Every structure is written in structure tokens, then in C-alpha cells.
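A.B. asks: Two chains, two separate frames, one set of hints: put the complex together.
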Amino acid sequence: MLDSGWARGRGLLVLVLSALLASAVLVGCGDDEDEGGDGAASGEEQTDKKVRIGFVLPDLSNPVIAGFRDGAVAEAEKRGWEVLVKGTSDAKGQSDAVLSFIAAQVDLIAMDPIDGDAMAPTVTQANDADIPVIAFQAKPASGDLATFIFPSETTAGNFMGAGAVEFCKDKGEDPCEIGIVEGNPGDSSGREENEAFLKTVGAEPSIKVVGANPTNYDPAKALNVATDLLTANPGLDYIYSWWDQGGAAAVEAIKARDKLGEVGVSSQNGDCLNLQHVVNGDQYQDSAFFPTIQGSILITTAADVLDGKEVPPEIKAPVMTVTNKTANAWLDGSSEPTEDDVELGGATLEAVSADIVKRLEQAKAGDCPS
Amino acid sequence: MSERTESAPGPASGLLEGSRRWALVRLRRSFRVLGLVLALAVIWVFFAIRSEYFFTSDNILNILLQASNIGIVAAGLTVVVITAEIDLSVGSLEALAGAIAAIVIIREGVPVAIGIPAGLAVSVLAGAISGVLTAKLKVVSFVSTLAMLGIAQGTAFLLTNGQSVYGFPESYRAIGTSKIIGIPTPAVIALGVFIALHLMLTRTKLGLKMFAVGGNAEAAAYAGIKVGRIKLYALMLSGLTAGIGGLILSSRLDAGNGLFGAGDLLGAVAAVVIGGTSLFGGVGSIWGTATGVLIIVTIANGMVLLNVPDFWQQIVVGWIIIAAVMLDQLAKSARLPGFLR
Chain A
0 MLDSGWARGR GLLVLVLSAL LASAVLVGCG DDEDEGGDGA ASGEEQTDKK VRIGFVLPDL
60 SNPVIAGFRD GAVAEAEKRG WEVLVKGTSD AKGQSDAVLS FIAAQVDLIA MDPIDGDAMA
120 PTVTQANDAD IPVIAFQAKP ASGDLATFIF PSETTAGNFM GAGAVEFCKD KGEDPCEIGI
180 VEGNPGDSSG REENEAFLKT VGAEPSIKVV GANPTNYDPA KALNVATDLL TANPGLDYIY
240 SWWDQGGAAA VEAIKARDKL GEVGVSSQNG DCLNLQHVVN GDQYQDSAFF PTIQGSILIT
300 TAADVLDGKE VPPEIKAPVM TVTNKTANAW LDGSSEPTED DVELGGATLE AVSADIVKRL
360 EQAKAGDCPS
Chain B
0 MSERTESAPG PASGLLEGSR RWALVRLRRS FRVLGLVLAL AVIWVFFAIR SEYFFTSDNI
60 LNILLQASNI GIVAAGLTVV VITAEIDLSV GSLEALAGAI AAIVIIREGV PVAIGIPAGL
120 AVSVLAGAIS GVLTAKLKVV SFVSTLAMLG IAQGTAFLLT NGQSVYGFPE SYRAIGTSKI
180 IGIPTPAVIA LGVFIALHLM LTRTKLGLKM FAVGGNAEAA AYAGIKVGRI KLYALMLSGL
240 TAGIGGLILS SRLDAGNGLF GAGDLLGAVA AVVIGGTSLF GGVGSIWGTA TGVLIIVTIA
300 NGMVLLNVPD FWQQIVVGWI IIAAVMLDQL AKSARLPGFL R
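The listed protein sequences derive, respectively, from chains A and B. For the first sequence, numbering that gives the first Met the number 0 begins at 0 and goes up steadily by one. For the second sequence, numbering that gives the first Met the number 0 begins at 0 and goes up steadily by one.
Only chain B is shown next, with the shape it has when bound in the complex (with noise of 0.2 Å):
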């Protein structure tokens, strides 16, 4: 039996039967998490003896700001990577979702409450149309949200005439610039969509199907789960969650554009791989994700307060993610012990 099967409560034996399994699932993703959490605190103190400016409030915050929108955009694709499918698109869902706001509350003067939507209602449109592509037409999800990139993007740049559309309202940029009990707010907002997120993948049974769709999806059509529908979900997920990565960009940015989240994918793919979720599905954790995407932007923060030159800081989260990957396959491959695999 494959891992991912293992990692995944099998559907064949039944969901209630998996139910011993699936808490050894849950306690091995604890354990990678806390292996993270770990990494993190090494990277933390690294930098905090390395830079007197490091472990101060305001650049905590500062990080918990930055990682933000970038952590819900990653935590959507979580949920389409746990299904064994990719979503692509997310940046430049990001992009359109906070240009179809400015167009709508800037340009027409639509009220905040009216914009906020629309922008939310395009993305997860624009999900749910590579998650039809992708669910029905079986049309793989890295050609249907590659395809969607592109018209997300151009639709974007259309919209925009390639140019920042600047200038909300007050009410709309305290979205990215307010604070609730002294943190941030887009920080708080994370924080809510990662409990939505994993109470919806542990607590629910739509969260159990995604496992054990991503483990494996012959088995889990068998048990009678509508595979595709899964997978649309999961993909209109994660329209909603770049779509809210979006409006908070351009809450922050007091702007618009085409390019605005458009260079999140790789950091959200990363931060997804370095979080523990398979590429080949049905294993991975919110919290994980969490976790990665606090690696990647403490490191990119870091390294700014210590002066590394740029190209460094790519050099160092790809080994990071080519760490993460090669404990992921070994994890897959080898006859491994207990809770550790």
C-alpha cells in the first residue's frame, strides 16, 4: 500500500473504520508541525542575535503583517493540494480580485459593502471555473489554472489599463492598515481563515473527503464521494481565499493593478511544500502552512535587517523547500515507523 494511501483515511475500509488511523494521521501532522515551529524558533533566535532590530514588537508585528495575505493565499491552496490538484492561478486571482475593487469602489464609487463582494465573487468565479475545467472536463488542474493565470491577469491589466488605480476610501484601507488589540488586522483576518480553514479539513466530513479524494481518488469514488465536486470545491476555495489575499493587498497598497499578488505563487507554493502538504495529496495541515509561510517571510525579513543581498534570500528558501521536499519522498518511500511517517 502506497503512503499516501496510509496518510489518507481509507476510503475503501470504510470513514468510520479510519477513524483509529485518522487520529495517528493528526498526530503525525503535530509532530511535522512542531518540527516547524522548531525551525521557525532556531530561525527566530538566529536572527535575533544577529540583528538587534529583529526581535522587537513592531517588527514582529511587521512580520505577522507581511505574512498575511500571503498565508491566506497559501492556506486555500493547502486545501487544493491536500485534493492532488494545483491551483495556479492564486496570484494573479490576488491581482484581479483587488483590481475588480478599485475599478468598482474608486472608479464607479460603488459603497465599500458592495465592492468587497464583487471582488471576492469574481475570484471564486474564476475558481470555480477552473474547478468546472478541472472536474468535469478533466482537464488537468496545472492547464486549467495556468489558463486562468493568464486571463485573470490580462482581465486584470484590461480592467486597469495596466496601471495602478489608487485612492480608497478610509473605511476600505483600514482593511490593511488598521489594528485590533495592537495586531494587525490583515494578521487577525489570517488568523480566522486558518481556523475556518482547518476546523472545515478536520472537523467536517467535506474536510475528510478532500483527504481522502487527494489520497487516493479511485478508492474515494468507490465510497461513494462525488471526486470532482470535491475538487471544485476545494478550487473555488481557493479563488475565495486569493480573493481575499487580494483585497487585502490592495487595502494596504491603496491600489489596484494587474501585478499586485501576481509574484505570491511561488512564495505560496513554497510555503505550502515547506508546511508538509504532499504535491501528491491527501496529507498536509493549515497550521503547517502556517508555519511555512512565517519560515519564508522571517527569513526575507531577516535577511533586510541584516543587509544579505537579495539573491541569497532565493537561494536560501530553495533549500529550504528542496529540504522540506526530500523529507516529504522519504517520508513516502521508506518502510517507516509509527507516527513519523
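Only chain A is shown next, with the shape it has when bound in the complex (with noise of 0.2 Å):
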């Protein structure tokens, strides 16, 4: 009796299990015709095969990396494209997605490497397997590609070392402090950011860097790490972080010492939450990127490349600095982004300005995509 019980029993569970699990799988593979998101289904009839474009990007947890997706599925939509992401910041990860995209024969391969070294033989092999490869954002150490597209990190850096002297100047403390809140030191594109923010902060004699550490691109880790650094250096007068959360995390590590406004903060990237601090007085500075301008150019790349056209081995995106005073004269409209305010790359100032100012709306209205 007891056995046959069981044996009822456990048909029942196992047919949950099943069950829960199918649904899982189910559920998650049938999002994207759903949503006609990532463009599985796009909706769109097509009798000829698609063009398949396979994209590593690092995790799309942070929000420019999901602008990046973004632009590239809407352009990518348009054409009646499929887009294959995949997103993570794991070097093996990134590896094996491409992997997974030369096996798939996707037409073309699109990488923003969070190891430039350690993408490298991915290049080869897709190169091995005539798919082309486009770099995007940050480059691997090797392989023939067919394009990079990228945003200067050298200008970043530069607009957020110009905004760091500025502070120091307008604030005229000597020593002017300065501590750093680092990402990851194998990241190439962060080191060249950092290399020419130190360069312009170098050039003046007044300003000190009194420490810097890495974080690995943990907004927890940068809380901590703003946080001992004021405490360590207690004048300490602004704090630059290679990223955006870390540059968020080190507003909530100010404003903990309730000195906000008294400790200047620059970062990069232009996320919502930053630009809202800029509007705020609370960030001194922000090196906005474009995103989804970003990944659309990516796309009419891919299509000029696919197209066999010719293309210039290197594609800037733009790149935007935004300052507190700059970002509510263009609120106000007591005066527009100029050239001197960014480097435009591949965009237009119509476009770039049409879309900074619609982000700086967002956030001043705290209405941030969640």
C-alpha cells in the first residue's frame, strides 16, 4: 500500500518538476518572439534567410550596455535583421558566446571584449571561418577585423580631467585632492580613459592624486572604496571614477560625510542616475556616451561590410562632456550643445544633441528606466 502510494506520489512530483521546468525553458525561450524583442520574430515576413549578427557585450546589467543592444536591435529591426546578444563580463563567457556564433554561422560578429587579450584566438577562429568582426567599444589584442567602433576613451578621460581642473580651479585648494575609484586594470579601454585623465590632471601642479583602486567594476566594491578614501584623506576635494555606478556609488559615499557639493565627482558613460546628479549639483561632471546612437552605427557598419563596401578602419561614436552648468543651460534653453561640448565621430550635432537633451529631460524629471 505504502509502495504504490509512493509510487502515485511521486509520479505526481516528478510530473511538477517537469512541468516546472518545461515552463521555465518554455517561458524563457518563447520571450523573445513575445516580446518580438531581440528579433527572433521580428514580426516581419521574410522569405529569404535572415542576416544573423552575433553581439558580445559585456553584462547588460549596466544600462550603456543595454543602450548599446538597444540601438543595434531597433537599426537591425528596421532592416528585417536578427541580433544575437549575448551579454556578460566573464572573458570565458564572452569566449564562448562567440564560439557558439561561429557555430551558429551568423553572418557577421560584433565584440566589445571586457579581455582584449583573452578574445583574441575568438577573433582568429571567426576570421578561420571567413565571418567578419567588427570591434565595439574595446578592441582584442589581435585578429583581422573588419571595423572598430568606439567612442575615445582618451577624449573621456580628457573631458573628465578638464572637468576635475575646473573644479580644483573654482574651489582653489592647493593641494587639490583627488582619489580615484577604478574598474578593472585588464580592461584596456578603462586604462586608456584613465591614462589621459591622469595626463590632463598631470599638467597641473596644484592637483594630487592621493590613491586609486580597482573595483572590477563592482558598484558595492566602489562604495567601499570612495568611502576609505575619504576617510584616509579627509581634504580630500574630488573623486574620478572610470564608470558611472562607481561615479553614482561615490555620490552615496559623499553624501554619507554630508559633503556633497564640497567633493566634486566625475565618471562616465551618461547614465540616467548620473545626469540626474549633474542636474542635481551633486556630480560635477559626466563624460556622456551615446548608446543607441552607438549601436546603430554598429549595424549600418555591418550592413556596409556585409555589402563588401569599403570601410575606414576605425569609426569614432561620440562622446559628450556634461557638466552642472552646461546640462540646465540646455534645459532652459539659454543656450545649445556646441562642438566644443563633444566629439561627434560618425553622428550628427542634431542627433547627438536631440538625444542628450531628451536624457537630461529623463532624469530631471527622475524619470529614469528602471
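These are computed hints drawn from the structure, not numbers from a lab. Please read all numbers here as calculations on a predicted model, not as lab measurements. Treat the hints with care, since some could be wrong.
Examples of chain A residues lying across from chain B (beta carbon under 7 Å, computed) [what the hints assert, rightly or not]:
#1 D89
#2 D114
#3 D116
From the structure, some residues in chain B lie toward chain A, with a derived Cβ separation under 10 Å [as the list claims (entries may be wrong)]:
#4 N160
#5 Y165
#6 L258
We treat Cβ as the ideally placed atom computed from N, Cα and C, and that holds for glycine.
C.D. replies: Right, dumping it as C-alpha cells:
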């Protein structure tokens, strides 16, 4: 009796567990169709085979990275293309994704490598499979690339350095002490931006860098590092973060010390929260990227590559400096962005201006995408 | 009598007396693995229907390649979990072994034949340190290996200055990139590790003792088994497999770095659990773990091909782990009939 009862119970349990598992897989796999999101079933009738782009990115929880995806997917959908997206900040995960795309015989692979050295072998493998590769945002250490699309990290670093210099001059401190919240020291684009920042502030004799610590782009670690910098250097005047989530963490650390406005912050990306801090005066400066425009540039460039057109080896994406003064002036219409505020690259001033003003309006209204 | 002592050959009643029970345990395990293989087959069929690119020879070989290093790491972890311990340092030991190999071979110009043992020796040593802390000083393995996780990763970062050391010679690259009879070399190495560990667990006294220690350490000690020594061996073995996984990974990525492999811990634990190894010790199989790894890697691969957002992958794997643990709990707590316990 007990055995047969158990047998019935076990059967039911197996059924429940199977249903659980199957629904998880099916719901997950059905998601792209339901939302028409990443393109697997965009709803467009296609008789020919779709062009398929494999796009490897760092973790998609970063709003800028998600913006790259969104811009690329939106532009691809206009063309009836499909963008297969994999976002991970693990070098092995990125390498595995490229291998999956090669096995899936995509038409082109775009990659924003978290570690340029580690991704180099996969570029060679894509080359061997005759799949063109576009480097995006960061570059693999070797391999044949169709082109490299990137906002200049050097320009972004220069913008942030200029922001720090301006803040220090206004404050009149000598020495003006700066602490740095680093990302991942292995990230070549982060290092490039950091070098440009250090070069710009290094030209100002009154500025002194008093500390720098890596965080592996973890906002929780960034909060600790910023807090530690403020603790170890009570006279700290400025915090420069390699990226916006670290910058937002620095703002929180400064707020906890009741020093908002007294300690300036620079970071880069142009995340909504950071633009909000800039508009409010809690963050001194932000170097904004234009992820959706950059994602769109990727697809138009991919079209040229697949059409066999000649493509320059490097294509710049826009990057802009936004300070409390300029942000509020653009918002109240007393001035407009000029070419002094931005490196346009492959974009137009009109498109970039419209994009940044819209983002600032959203930020001011607290209407940041969740 | 608890499920653990029933599942492991009971040392209290003598090792030889348990031979009939041992055969039953193996039969049950075979059924469990068979169930997992069936689940894997269902997942494969599902993805094959949904994506024309899934069931191609290129992609199957790709799945085997991607499963290799995490599979090797998970196999070593299985041995540790069978002894009712855990090794949280496996991902960091992967990173450390790869970093040591990179430093020794690339920076110092030492021959590959010396660089490989150097990387493995360091990871085995790290496993031995965790083992001594656990076996001799009675520090629970959760703590000793957690400490080793930090020590190993910190050391790897320190040696590499937080950056990738890259540019291995071709002979080293061949470990991760070459093929043997059309099959990726890492997959062949993984198969070798699985067979070796399976034979060790099922055909040697050491393996029998590991199950006995995990099933009931006190009873095993009364039966004359040196419990501490067995746990030390298990953690050293886990260090060795983590080292092998790390070398393969560094070869594939052509670089060593304190981060490479660090993310494998969760995947390895998930594979062990999905594979039917009880976190309470005394029950488990290498082939179950191997199938668990294939399930995880297949889902990751298939979802990339179907363009399913990343976050869904984590949710799906999470549900699978819950399902596997529920089955394990049920098997432990219920008065189950026959061989399905």
C-alpha cells in the first residue's frame, strides 16, 4: 500500500517538476517572440534568410551596454535582421558566446571584449570561419577586424580631467586632492581613459592624486573604495570614477559624509542617474556616451561590410562632456550643445544634441528607465 | 536509519558485508544518471526543433568544448561533496593555475613541460592547505576553502598585476585549441578525468572510503578509516582538477588572469547538485555530474542561439537546481521503495 501510494505521489511530483522545468525553459525561450524583442521573430515576413549578427557585450545590467544592444536591435529590426545578443563580463563566457555564434554560422560578429587579450583567439577562429568581425567599444589584442567602432576613451578621460581641473580651480585648494575609483585594471579601454585623465590633471601642478583602487566594476566595491578614500584623506576634493555606477557610488559615499558639493565627482557613460546627479549639482561632471546611436552605427557599418563596401579601420562614436552648468543651460534653453562639448565621430550634432537633451529631461524629471 | 547511511555502504556493518547493498547503490545511481540523460535528450530535442543551428556537428563539438573545463572542475568537486565537504575555491584555483602557467611560461620563458606541472602543483598545494585546515585543524571546509578562494584569487591578481598575461607558445595553446580525431582536446581530457575519477570512486578502496566518510563519518572512523586523511585527499584532488581546468581555460584564452575561471564555482556546484550528488555526502556519481554540466552548458548555448535574454538563462538554471534538490530531499526524507531511493 505504502509503495503504491508513494508511486502515485512520485509520479505526481515528477510531473510537477517536469512542468516547472519545461515552463521555465519555454517561457524563457518564448520571450523573444512575445516581445518581438531581440529579433528572433520580429513579426516581419521574410522569405529570404535573415542576416544574423552575433553581438557579444559585457554584462547587460549596465545601462550603457543595454543601450548598445537596444540601438543595434532597433536598427536591425528596421532592416529585418536578427541580432543574437550575449552579455557577460566573464572573459570565458564571452569567448564561449563567440564560438557559439561561429557554430551558428552568423553573418557577422560584433564584440565588445571585456579582456582584449583573452578574446584575441576567438577573432582568429572567426577569421578562419570567414565571418567578419567588428570590434565595438574595446578592441581585441589581435586578429583581423573589419573595423573598430568606439567613442574615444582618451577624449572621455580628457573631458573628465578638464572637469576636475575646473572644479579644483573654482575651489582654490592647493593641493587639490583627487581619489580614483578604478574599474578592472585588465580593461584596456578603462586604462586608456585613466591615462588621459591622469595626463590632463598631471599638467596642473596644484592637483595631487592621493589614492586609486580597483573594483572590478562592482558598484558595491566602488562604494567601499570611495568611502575608504574619504576616510583616509579627510581633505579629499574630488573623486574620479572609471564608470558611472562607480561615480554614483561615490556620490552616495560623499552624501553619507555630508559633503555633497564640497567633493566633486567625475565619471563616464551618461547613465540617467548620473545625469540626474549632474543636473542636481551632486556630481560635477559626466562624460556621456550615446549608446543607442553607437549601436545603430554598428548595424549601418555591418551593412557596408556585408555589402563589400570599403570601411575605414576605425569609426568614432560620439562622446560629450556634461557639467552642472551646461546641463541646466541646455535644459532651460539658454544655450545649446556646441562642437566644443562633444566629439561627434560618425554622428551629427543635431542627433547628439536631441539625444542628450531628451536624456537630461528624463533625468531631471526622475524618469530614469528602471 | 537515515538515508545517508543507507545510500553509502555502511562501514559499521563492515565493508565487505556491504557488497550487495553497494551493487544496489550503483543500480540506483545508474537510474538517476539515466533520468538525467533523458532530461538532457529532451532539452537537446527542444533546441534542435527551435534552432536549425543547434544540432550541427560544429555546435555539438562547441558544446563539448565549452563543457570541458567546468566539467573537469565539477568532477573534482563531486569527490569533495561525496565526502560531505565543499570546495568553494575551485574557480579561484582555476585562475591561479592559469596565472602561474602564464607567469612561468610567458614571462619567465620556462618550457611548457615545466610550466604545466608548476600550475598544477600550486593548485594541488592550495587544495592540500584547505585539506589540512579541514582535516587536522577541524576548520569546516566552507570556511577553509572560502579563505583559499580569496588567497588564490588575490595571489593570481598580485602575480599578474590584475591584467592578462598573454601570448602562450603554440605547444601550450594546443591543449585548448587542438583536436583529437575531430574532437576538441579539452573534451578528450575531460573524458579521461571522468573515467579516472569514476574508476577511483567505484573500483578502489579509496573511493569506497570516500563514500563511507561522506555517508557517516563517525561510523567510518569506527571502521578504521582515517576520516581526516580521506577529506585531505578529496580536497587535493579537487585542487588538481581545478588546476587542469585552469590550464585548459588559459590555453583557450591564450592568457592567464586572476579572473579566468572565477565564475565557474556556481556552475560547478550547480552541475554537481543537478547530477544527483547529495550535499550531505555519501551519494553521488561522476557521470551524473558530467550530465549536469552538459545540461547547464546546453541551456546556455541553446539560449544564445535562440536569442533569449541572458537573465532567463540564470532563471532556468536556478529552477533546474531547485528541482534537483527537491528530488534529492524527497529521496532522503521519504520512505521510498526499492532502488529509486
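A.B. asks: Compare the structure with each hint and give your call.
C.D. replies: Results of checking the hints against the structure:
1. Proximity of A:D89 to chain B holds as hinted, the smallest CB-CB distance being about 4 Å (cut-off 7 Å).
2. Interface restraint check: A:D114 against chain B, minimum CB-CB distance 5 Å, threshold 7 Å, status holds.
3. Nearest Cβ of chain B to the Cβ of A:D116: about 4 Å, under the 7 Å cut. The hint holds.
4. Evaluation of the B:N160 hint against chain A yields a held restraint, the C-beta minimum of about 7 Å falling below 10 Å.
5. The closest approach between the C-beta of B:Y165 and any C-beta of chain A is roughly 4 Å, which is under the 10 Å cut-off, so the hint is satisfied.
6. The interface hint given for B:L258 is met, as the beta carbon of that residue sits about 7 Å from the closest beta carbon of chain A, less than 10 Å.
Going through the hint list in order, the structure satisfies each hint without exception.
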